[in-house]
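Protein chains: 2
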Amino acid sequence: MVEVKIALLGGTGDMGEGLALRWVKNHEILVGSREASKGMRVAAEYLTKAKGFYGDSMKGTIRGMANPDAAAEADVIVLTIPYEYAASTIISIKDRLQSSQIIVSPVVPMVKVNRGMMYMPMVEDGKIMSYAEALARELKDVPVIAAFHAISAKKLANPSLVLNYDVPIAGDDEKAVEVVANLTREIHNLRPIYVGPLKLALMIESLTPLIINVAIFSKIKDASIAFVE
Amino acid sequence: MVEVKIALLGGTGDMGEGLALRWVKNHEILVGSREASKGMRVAAEYLTKAKGFYGDSMKGTIRGMANPDAAAEADVIVLTIPYEYAASTIISIKDRLQSSQIIVSPVVPMVKVNRGMMYMPMVEDGKIMSYAEALARELKDVPVIAAFHAISAKKLANPSLVLNYDVPIAGDDEKAVEVVANLTREIHNLRPIYVGPLKLALMIESLTPLIINVAIFSKIKDASIAFVE
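Just so you know, the sequences run in chain order B and P. Residue numbers 1 to 229, in our numbering, belong to the letters of the first sequence in order. Residue numbers 1 to 229, in our numbering, belong to the letters of the second sequence in order.
Misleading hints may appear alongside valid ones.
Note that the list lumps identical chains together, so a pair holds whenever it fits in one copy or between two copies.
As a list, the in silico EDC-like pairs of lysine to aspartate or glutamate whose alpha-carbon atoms are at most 20 angstroms apart [stated by the list, open to error]: (1) K221 <-> D172; (2) K199 <-> D173; (3) K5 <-> E73; (4) K5 <-> E178; (5) K219 <-> D172; (6) K154 <-> E186.
Treat the hints as calculated values from the structure; they're not laboratory data.
Generate coordinates for the entire structure from the input sequences, incorporating the hints supplied.
Pasting the structure below:
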């Protein structure tokens, strides 16, 4: 296993907690926040929880800091932020990124409608574009990988739970896809499933509102998906 | 179990065969085609296969006819046609429909891109609309239910196979949703999952290209999906 330094931007939220508690077993985790002090405080909380789960077998650690500092220092940067804060977060970190890094986007543009949740990707000249694709266009040289759209943050945050889910991954950079696939495999028992270039991220971003609607209308809570043969 | 008369429009294709072979166990099946003679020929083939599977326990039968005649006679009309032929098929049957009928749409607008398959819903004034929603708007009084987007036609066509999949269903008419959910349950071991009003069909139509991309890029063939708690 190759140890990587992972930044969780906006990592003080549910999804950030889940990924921090899973990956700290083997990796160094940087919890980014808009305020460094909040990042530090929450990182300390996560670390206490993580020690409770892993004890001495834990190889990584968890530190908190401001989003741009976490982004600058990490090998892999995961955008564990709601869509509403994505643009301002990207603006704040953009100048600190390097092409050797990997950005992972579970971000999904969606809106609450009268009943349920609706996927709302960008439309440009009549053409639909996923958030991940739009982000890649903005970041140019830094590879963007779309992943982790349909994982229950609640279940992720309990490392004693085995997650028998599939994680669809889209991306153009083969090496970056492999890094994210490996990080996925380390979360017991997630199975990474490559679903093609970033252009096809549309079909995995729409899984987030689908899962939410399954919870709303069919009372299947904190579910994820699996591909069944 | 309430026996219903089911029209499979364009039912001479893979998806039509699968649904015919599954539902004929309990229901009367009308295989629609652009040419009545082709519908009749294929229906006879299906019927021979079905008798081989079910023998004397089969309650239904299978007849072939032109699409408009099948549509006029049925309680439930399933559009087992590729998107490319959907518009012309709808035009041919529109005048024969009644508000007491139910239209089931597994139809998905999608295009083959350089690598993989891309969901391509309608865009109107910058707003994205699923095929099922556009169809409901055109048909006005006839309830449209979106379902069966992610079922493997190949596995459906072998009634000895147990399908441990979930079938997400979207629709506005509660009674129609219940009819389609019941028809889904009759296919061993499909589980219907209501995912909200037809406005939310976008997120299930996009499952079809997703499943195709999973086959292309990850070699998981003839898969479907399940929601895992």
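So, going through the hints one by one against the coordinates:
no.	hint	result
1	K221 <-> D172	neither (32 angstroms within a copy, 22 angstroms between copies)
2	K199 <-> D173	within (12 angstroms within a copy, 35 angstroms between copies)
3	K5 <-> E73	within (8 angstroms within a copy, 64 angstroms between copies)
4	K5 <-> E178	within (16 angstroms within a copy, 50 angstroms between copies)
5	K219 <-> D172	between (36 angstroms within a copy, 18 angstroms between copies)
6	K154 <-> E186	within (18 angstroms within a copy, 34 angstroms between copies)
The structure shown violates just one earlier hint, number 1.
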